[in-house]
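Visitor: So that you can map any letter, position 81 of the sequence shown is 67 in my numbering, and since no number is skipped, the others follow by simple counting.
In short, the hints are calculated from the structure, not lab data. Take these hints with a grain of salt, some might be off.
[To be verified] Below, simulated SDA-like cross-link-like pairs (lysine to any residue); rule was C-alpha separation at most 20 Å, straight line:
1. Lys(-1) - Ser58
2. Lys93 - Tyr71
3. Lys128 - Lys46
4. Lys46 - Gln8
5. Lys27 - Lys46
6. Lys116 - Ser58
7. Lys7 - Lys128
8. Lys6 - Lys93
9. Lys116 - Asn103
[Unchecked claim] Pair by pair, the computed Cβ-Cβ distance ranges are:
10. Asp91 - Glu23: 34 to 40 Å
11. Ser58 - Ile17: 18 to 24 Å
12. Gln25 - Asn54: 17 to 23 Å
13. Glu(-8) - Asn82: 17 to 23 Å
14. Lys116 - Glu86: 16 to 22 Å
15. Glu(-8) - Asp56: 19 to 25 Å
16. Ile89 - Asp44: 26 to 32 Å
17. Phe1 - Asn74: 29 to 35 Å
18. Ile120 - Trp20: 21 to 27 Å
Yeah, the Cβ is synthetic: ideal placement off N, Cα and C, and Gly gets one too.
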Amino acid sequence: MNYCLENCSELDKDFIYNVKKQSIYNYVENIWGWDEEYQVKDFESDFNIENFKVIVADDKYIGFIQLNEDISNVNITEIHIIPEYQGNGTGFDIINNIIEQAIKDDKTISIGCFIDNIRAKQLYERIGFKVVSITDTHYEMKYFIS
């Protein structure tokens, strides 16, 4: 599938929040219970427009990615794709492109997911990420260059 990543604008915040909510609601509900007011405040406090890109395919927004980079690491903080566009390789391609650029920039790559999100963990392992730590709720993973 052809896709592109576009810079985010303030107008994209509602789309991003709704896609995130759709993606993580069940995991959060099962662990802590969903508190809409808390989730909105948390989203607002973490939303740094420069770290987000919207994923566009078929002339429509299908998801987003949030990256946090420093001098030595690229953290794929979040990647969410709406259900009807999942499973077609888009997430796989996006993550691999990030890995390729990080390797060129001599940076490590990290990602994480909820422990209950088996599909995400399997995707990340298929790409080459390894679990480096486990919390009560999340896997933290790193990509090791071989």
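Visitor: Going back to the hint list, which numbers does this structure go against?
Guide: The structure conflicts with hints 1, 2, 3, 5, 7, 8, 11 and 17, although it agrees with all the remaining ones.
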